[in-house]
Amino acid sequence: MNLKTGLLITAFILLAAFSIQAQDCKLSIRGKIIHLENNEPIEAAYVWIVEAEEGAVSDQNGNFTVKNLCLGTYTLTIQYIGHKTITDTVNLESNNYSKTYRLEDEALELSGVEIHGHRDAVQTTSSVSALYGENLLESRGENLGESLKRISGVSTFSTGNSIAKPVIHGMHSNRIMIMNNGIRLEGQQWGAEHAPEIDPFLADEITVVKGAETVRYGPEAMGGVILVNPAPLPTNKFRKTSLNLIGGTNGRMGNINVVHAGGSEKIKGFGYRIQGSAKRSGNIKSPDYFQDNTGVSELNLSTSLGYSTSKLGVEAYYSLFHSELGILNDSHTGNLSDLENIIENGRPFGDGEFTYDIVNPKQRVTHHLAKLKSHYHISESWKVNFQYGFQLNHRQEFDKRRGDLNEKASLDLELFTNTLDLYVNHTHKNELSGTWGLNLIQQANSNVPGTGVTPLIPNYDMVNVGMYAMEKYSKGPLEVEAGVRFDFRNVNTARYINQELQTADLNYQNFSAFLGGLYHISPDLTFNSNLGSAWRPPNVNELFSEGLHHGAAAVEIGDPDLKSEKSLKWINELQYDGNKTHLEFTAYLNPIQDYIYLNPTGETYVSLRGTFNVYEYLQANAFFYGFDFAGSYEFTDKISGYLKGAIVQAKNTEEDNYLPFIPSNRLDWGVSYDFAKATDSRTNKLTLSNVLVAKQSREPDFDIAPAPPAYALFNLAYNRQLTVGENKLNLGLQVQNLFNTNYKDYMNRFRYFTYDMGRNVLLKINYEF
Amino acid sequence: MNTKNKLYLIAFAFVSFAMASCSSEDPVPENDGEVITDVTLMFQEIDASGNAVGSPVEFTASDAEGIEVGGAPTIETVMLAKGKTYEMSIEVYNSIENENITEEIQEEGDEHQFYFLGSAFTSSPFLSYTYDDEGTELIGLKGIVSVQQSPGFSTAEMRVILRHDLDKNFPGADNPNFTDYAQAGGESDLDITFPVVVE
Numbered sequence: 001m002n003l004k005t006g007l008l009i010t011a012f013i014l015l016a017a018f019s020i021q022a023q024d025c026k027l028s029i030r031g032k033i034i035h036l037e038n039n040e041p042i043e044a045a046y047v048w049i050v051e052a053e054e055g056a057v058s059d060q061n062g063n064f065t066v067k068n069l070c071l072g073t074y075t076l077t078i079q080y081i082g083h084k085t086i087t088d089t090v091n092l093e094s095n096n097y098s099k100t101y102r103l104e105d106e107a108l109e110l111s112g113v114e115i116h117g118h119r120d121a122v123q124t125t126s127s128v129s130a131l132y133g134e135n136l137l138e139s140r141g142e143n144l145g146e147s148l149k150r151i152s153g154v155s156t157f158s159t160g161n162s163i164a165k166p167v168i169h170g171m172h173s174n175r176i177m178i179m180n181n182g183i184r185l186e187g188q189q190w191g192a193e194h195a196p197e198i199d200p201f202l203a204d205e206i207t208v209v210k211g212a213e214t215v216r217y218g219p220e221a222m223g224g225v226i227l228v229n230p231a232p233l234p235t236n237k238f239r240k241t242s243l244n245l246i247g248g249t250n251g252r253m254g255n256i257n258v259v260h261a262g263g264s265e266k267i268k269g270f271g272y273r274i275q276g277s278a279k280r281s282g283n284i285k286s287p288d289y290f291q292d293n294t295g296v297s298e299l300n301l302s303t304s305l306g307y308s309t310s311k312l313g314v315e316a317y318y319s320l321f322h323s324e325l326g327i328l329n330d331s332h333t334g335n336l337s338d339l340e341n342i343i344e345n346g347r348p349f350g351d352g353e354f355t356y357d358i359v360n361p362k363q364r365v366t367h368h369l370a371k372l373k374s375h376y377h378i379s380e381s382w383k384v385n386f387q388y389g390f391q392l393n394h395r396q397e398f399d400k401r402r403g404d405l406n407e408k409a410s411l412d413l414e415l416f417t418n419t420l421d422l423y424v425n426h427t428h429k430n431e432l433s434g435t436w437g438l439n440l441i442q443q444a445n446s447n448v449p450g451t452g453v454t455p456l457i458p459n460y461d462m463v464n465v466g467m468y469a470m471e472k473y474s475k476g477p478l479e480v481e482a483g484v485r486f487d488f489r490n491v492n493t494a495r496y497i498n499q500e501l502q503t504a505d506l507n508y509q510n511f512s513a514f515l516g517g518l519y520h521i522s523p524d525l526t527f528n529s530n531l532g533s534a535w536r537p538p539n540v541n542e543l544f545s546e547g548l549h550h551g552a553a554a555v556e557i558g559d560p561d562l563k564s565e566k567s568l569k570w571i572n573e574l575q576y577d578g579n580k581t582h583l584e585f586t587a588y589l590n591p592i593q594d595y596i597y598l599n600p601t602g603e604t605y606v607s608l609r610g611t612f613n614v615y616e617y618l619q620a621n622a623f624f625y626g627f628d629f630a631g632s633y634e635f636t637d638k639i640s641g642y643l644k645g646a647i648v649q650a651k652n653t654e655e656d657n658y659l660p661f662i663p664s665n666r667l668d669w670g671v672s673y674d675f676a677k678a679t680d681s682r683t684n685k686l687t688l689s690n691v692l693v694a695k696q697s698r699e700p701d702f703d704i705a706p707a708p709p710a711y712a713l714f715n716l717a718y719n720r721q722l723t724v725g726e727n728k729l730n731l732g733l734q735v736q737n738l739f740n741t742n743y744k745d746y747m748n749r750f751r752y753f754t755y756d757m758g759r760n761v762l763l764k765i766n767y768e769f
Numbered sequence: 001m002n003t004k005n006k007l008y009l010i011a012f013a014f015v016s017f018a019m020a021s022c023s024s025e026d027p028v029p030e031n032d033g034e035v036i037t038d039v040t041l042m043f044q045e046i047d048a049s050g051n052a053v054g055s056p057v058e059f060t061a062s063d064a065e066g067i068e069v070g071g072a073p074t075i076e077t078v079m080l081a082k083g084k085t086y087e088m089s090i091e092v093y094n095s096i097e098n099e100n101i102t103e104e105i106q107e108e109g110d111e112h113q114f115y116f117l118g119s120a121f122t123s124s125p126f127l128s129y130t131y132d133d134e135g136t137e138l139i140g141l142k143g144i145v146s147v148q149q150s151p152g153f154s155t156a157e158m159r160v161i162l163r164h165d166l167d168k169n170f171p172g173a174d175n176p177n178f179t180d181y182a183q184a185g186g187e188s189d190l191d192i193t194f195p196v197v198v199e
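Here the protein sequences line up with chains A and B, keeping their order.
For the first sequence, position 564 matches number 564 in UniProt numbering, and the numbering has no gaps at all.
For the second sequence, position 191 matches number 191 in UniProt numbering, and the numbering has no gaps at all.
Any given hint might turn out to be false.
No more than 20 Å apart at the CA atoms, straight line, and that leaves these computed lysine to aspartate or glutamate pairs for EDC-like [said to hold, decoys possible]:
1) Lys408(A) <-> Glu108(B)
2) Lys362(A) <-> Glu111(B)
3) Lys168(B) <-> Glu107(B)
4) Lys99(A) <-> Asp577(A)
5) Lys168(B) <-> Asp351(A)
6) Lys168(B) <-> Glu353(A)
7) Lys408(A) <-> Glu324(A)
8) Lys408(A) <-> Glu58(B)
9) Lys408(A) <-> Glu104(B)
10) Lys580(A) <-> Asp656(A)
11) Lys695(A) <-> Glu344(A)
12) Lys362(A) <-> Asp165(B)
13) Lys26(A) <-> Glu51(A)
14) Lys168(B) <-> Glu99(B)
15) Lys677(A) <-> Asp637(A)
16) Lys149(A) <-> Glu205(A)
17) Lys168(B) <-> Asp110(B)
18) Lys142(B) <-> Glu97(B)
19) Lys685(A) <-> Glu91(B)
20) Lys99(A) <-> Asp59(A)
21) Lys408(A) <-> Glu111(B)
22) Lys82(B) <-> Glu58(B)
23) Lys408(A) <-> Asp32(B)
24) Lys408(A) <-> Glu91(B)
25) Lys408(A) <-> Glu30(B)
26) Lys475(A) <-> Asp88(A)
27) Lys408(A) <-> Glu107(B)
28) Lys142(B) <-> Glu108(B)
Just so you know, the hints here were simulated from the structure itself, not pulled from any lab data.
Kindly generate the complete structure, drawing on both the sequences and the hints.
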């Protein structure tokens with residue numbers, strides 16, 4: 001062998017070795033880091049591969065990836081403040097390595113250790129989207145429904161501009177559920193003009209679960225669940241105050257919110273928070289006129305106290321929501337002929353003027369919610385939980401009436417609700433975790449006497465007992481979850497109709513179940529699928545309504561023989577989280593048996609007051625399906641864009657016609673320019689966005705007015721974060737409906753009476769100190 | 001007893017108290033105060049100088065159940081004589097509460113106004129109406145109705161509408177036969193169509 005050959009062979013071997021090495025050094029270790037005690041993902045945990053001297057930090061979902069590793073055995077350490085460090089030996093043979101790591105709390109005795117507050121996130125294989133951080137900050141000042149429109153697949157069913165109910169995949173009111181810090185919000189959600197009694201300011205994160213979640217949350221969580229969650233309470237020495245000041249030109253709106261949270265130095269694990277907000281706005285302006293009597297006055301409060309050690313957690317919480325809001329004057333019609341007149345006119349008869357005064361018709365709502373929650377870790381893997389909630393909802397609706405009656409509410413309801421949850425969580429290192437529980441709801445609804453109007457719904461007592469169990473198995477990139485639940489409900493009603501006492505005693509029961517899975521196809525790509533059954537007993541208004549509904553000039557007649565609605569929702573989501581690209585695609589099928597709907601009988605009822613349409617509650621099988629998507633992309637360091645959209649189809653399959661008030665197709669896109677230097681993490685961004693809403697072509701057979709035409713709105717937002725000393729100052733300037741476009745939305749019941757809100761310029765200041 | 005147990009005991013006591021104190025009130029029958037059950041049109045014939053001639057005649061529309069679903073209202077046919085002039089006064093009554101609403105309407109005269117529509121006043125009208133209320137407000141609780149000497153028809157309809165919360169200064173709102181009454185805003189408290197026969 002001469003030198004030449006030798007060199008050649010050496011070169012070949014080297015090349016081969018290099019290429020082999022190159023090929024095998026593209027492996028990666030992926031994983032997910034969660035809290036052992038509650039499965040909540042851990043963000044910003046530090047992962048270190050000792051041999052490779054490579055590291056990674058987990059993202060907000062707890063996921064991490066260490067790339068460009070070669071074949072071999074590695075030592076992996078995971079560290080997170082206040083938690084025991086995990087050391088694991090990884091034998092890396094293929095590119096499929098993925099594992100879930102559960103970090104355990106360190107004992108509190110360790111001085112100077114920061115421990116996280118005890119907070120339960122949703123751990124579901126359903127599709128979940130959340131509003132937090134910058135997006136939540138941008139939505140401040142809006143009501144819950146309006147805020148949630150930022151999430152694809154969520155829209156609103158509104159009554160004017162101040163009453164907006166969130167709609168998830170075409171469902172709202174009693175078909176979805178709202179959780180106020182873990183307690184199911186129990187107000188008078190049956191009414192189309194009854195907004196959720198909750199202040200979005202109490203939350204630092206609002207999460208939307210788009211799947212059926214009856215097993216976890218109880219009856220009525222058919223279309224989805226909205227979780228309005230405050231930040232975890234501090235558990236160490238801490239002090240922070242956040243102030244929001246918001247002003248809007250349209251309605252001359254002013255809104256203030258203060259949150260103060262603190263943790264005690266003396267008593268370890270003791271923390272508190274107090275929050276209050278006030279809002280005042282006057283008559284809203286459509287592009288060409290003021291909408292008379294559309295002012296809002298709100299005063300909200302929430303407070304919590306918490307104490308936690310490594311084994312015990314106790315939290316007391318109270319929230320108050322108080323709102324008084326005016327109902328557009330001309331929407332209050334005396335009879336069918338009035339209604340037809342204003343629909344033909346397409347807008348209120350007068351041009352209105354600006355005032356902060358709120359007169360009849362108006363609503364006054366007060367909602368108290370108090371809760372006590374506690375958990376105790378019996379052992380490393382078992383935890384018992386207790387949660388009790390008390391709610392009092394007082395709703396008064398005032399109509400335009402003659403004489404002294406004008407001072408009296410014509411609807412005056414007091415609703416008491418007690419909820420009790422007892423459940424056990426278990427989490428094991430062997431990848432199995434679960435929850436078994438008992439849920440008790442007790443409710444009492446009373447009409448406050450003296451309204452001078454026969455009550456629309458009777459007084460009633462309701463008791464609901466539910467038992468459930470869920471188990472989840474996680475192994476590497478796969479999570480599989482299943483659960484079952486049984487519910488029993490008794491409703492006892494009483495009322496007087498024409499001086500005669502009418503009572504009813506009704507029982508409902510149902511068995512529900514779900515099966516779901518989540519698979520990390522690659523570090524960037526996740527697929528999840530969830531099939532869940534859900535049910536909803538008929539509501540008292542659907543059973544017993546009998547009377548005139550003013551705004552709609554309609555007589556509504558209930559049916560006490562209605563059966564429970566039963567549904568099956570299959571939801572699938574594909575999620576891609578790349579470097580510059582983020583994509584989410586959700587598709588669902590949702591057949592419903594015995595869907596309850598308000599059907600126009602085609603008959604009219606004649607009285608001295610005039611004529612009214614007559615509607616009755618009927619049941620039929622229905623089928624909902626659709627998809628929604630959201631994506632964003634960074635074109636350059638400076639320019640990024642986003643696109644969101646949703647399509648919902650909903651049919652009565654027995655009559656083969658479309659259901660009323662289902663959102664039409666919508667698309668929302670925007671482009672942002674980032675002024676901030678690459679080294680500066682503070683926001684300095686200008687965003688132009690455009691909302692496109694199609695005409696609802698899938699109209700029901702009967703509607704008092706045809707669907708309004710399609711519309712396009714442009715919005716402009718500039719957000720900037722500044723630092724004042726060590727404190728953060730966020731400034732936002734937003735122009736909504738930039739071109740002052742006249743439009744009507746199909747999902748707004750007041751499209752019959754008026755154009756929507758015109759241009760609105762908002763200034764939002766947030767200061768944290 | 002340690003603190004933990006005490007805490008659970010307090011929680012338990014709190015829960016049982018709240019659970020026990022929470023049941024619905026017994027319902028109370030509610031009388032519909034807003035409802036109008038009887039509307040009476042009283043016609044008093046008057047002569048050229050405005051003096052009453054003979055005794056008045058009454059025609060009533062009534063709906064004992066008010067706004068409830070069920071019975072339709074009974075509406076009497078208004079019978080008037082050709083070429084005669086009447087003073088028409090309207091009486092509004094709630095028989096459920098035994099309350100005379102006429103006075104309330106008079107008191108809230110700035111918010112209420114009657115309009116008189118229907119074939120009796122349009123195309124070839126055989127009735128004409130002018131407000132003749134006490135005080136300055138045009139309400140329509142009192143008015144002068146003249147029947148034509150030789151009308152083209154003998155039967156027609158008179159639609160009596162009571163508007164509430166309207167803009168009385170709206171152009172045309174002072175016309176008792178204002179067909180575009182809706183333009184002045186407000187809502188209808190009454191909307192009754194009486195058959196009219198002239199002989």
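Hint check:
1. Taking the CA atoms of Lys408(A) and Glu108(B), the gap is about 17 Å. The hint holds against a cut of 20 Å.
2. In summary, the hint linking Lys362(A) to Glu111(B) is supported, as the alpha carbons are separated by about 18 Å, within the 20 Å threshold.
3. Restraint check for Lys168(B) and Glu107(B): the C-alpha separation of about 15 Å stays at or below 20 Å, so the hint holds.
4. Between Lys99(A) and Asp577(A) the alpha-carbon distance is near 18 Å, which keeps this suggested pair within the 20 Å criterion.
5. At most 20 Å may separate the alpha-carbon atoms for a hinted pair to count; Lys168(B) and Asp351(A) meet this at roughly 15 Å.
6. Between the alpha carbons of Lys168(B) and Glu353(A) the distance comes to roughly 17 Å, so the proposed pair stays at or under 20 Å and holds.
7. Under the criterion of a C-alpha separation no larger than 20 Å, the hint pairing Lys408(A) with Glu324(A) is consistent with the structure, at around 15 Å.
8. Only pairs whose Cα atoms come within 20 Å are accepted, and Lys408(A) paired with Glu58(B) is rejected, the gap being roughly 34 Å.
9. The hinted pair formed by Lys408(A) and Glu104(B) meets the criterion: a straight-line CA distance of about 16 Å does not exceed 20 Å.
10. About 44 Å separates the Cα atoms of Lys580(A) and Asp656(A), which puts this hinted pair outside 20 Å; it is violated.
11. About 19 Å separates the Cα atoms of Lys695(A) and Glu344(A), which keeps this hinted pair within 20 Å; it holds.
12. A distance of roughly 15 Å separates the Cα atoms of Lys362(A) and Asp165(B); the hinted pair therefore holds under the 20 Å criterion.
13. As the CA atoms of Lys26(A) and Glu51(A) are separated by approximately 16 Å, the hinted pair is consistent with the 20 Å bound.
14. With a C-alpha separation of about 26 Å, the suggested pair Lys168(B) and Glu99(B) falls outside the 20 Å cut-off, and the hint is violated.
15. Only pairs whose Cα atoms come within 20 Å are accepted, and Lys677(A) paired with Asp637(A) is accepted, the gap being roughly 9 Å.
16. With a C-alpha separation of about 15 Å, the suggested pair Lys149(A) and Glu205(A) falls inside the 20 Å cut-off, and the hint holds.
17. For the hint linking Lys168(B) to Asp110(B), the alpha-carbon distance of about 7 Å falls within 20 Å, and the restraint holds.
18. Distance restraint check for Lys142(B) and Glu97(B): the Cα-Cα separation of roughly 24 Å exceeds the 20 Å cut-off, and the hinted pair is therefore not satisfied.
19. For a cut-off of 20 Å, the pair hint linking Lys685(A) to Glu91(B) is broken: about 68 Å separates their Cα positions.
20. The suggested pairing of Lys99(A) with Asp59(A) holds, with an alpha-carbon distance near 15 Å, which does not exceed 20 Å.
21. Our distance criterion of 20 Å between C-alpha atoms is met by Lys408(A) and Glu111(B), whose separation comes to about 18 Å.
22. Taking the CA atoms of Lys82(B) and Glu58(B), the gap is about 17 Å. The hint holds against a cut of 20 Å.
23. A C-alpha spacing of about 12 Å is found between Lys408(A) and Asp32(B), which places the hinted pair at or below 20 Å, so the restraint holds.
24. Among the hinted pairs, Lys408(A) with Glu91(B) is inconsistent with the structure: their alpha-carbon atoms are about 25 Å apart, more than 20 Å.
25. Between Lys408(A) and Glu30(B), the direct Cα distance comes to roughly 13 Å. Compliance with the 20 Å bound is thereby established for this hinted pair.
26. Note on Lys475(A) and Asp88(A): the hinted pairing holds, with a Cα-Cα distance of about 15 Å set against a maximum of 20 Å.
27. A C-alpha spacing of about 19 Å is found between Lys408(A) and Glu107(B), which places the hinted pair at or below 20 Å, so the restraint holds.
28. For a cut-off of 20 Å, the pair hint linking Lys142(B) to Glu108(B) stands: about 15 Å separates their Cα positions.
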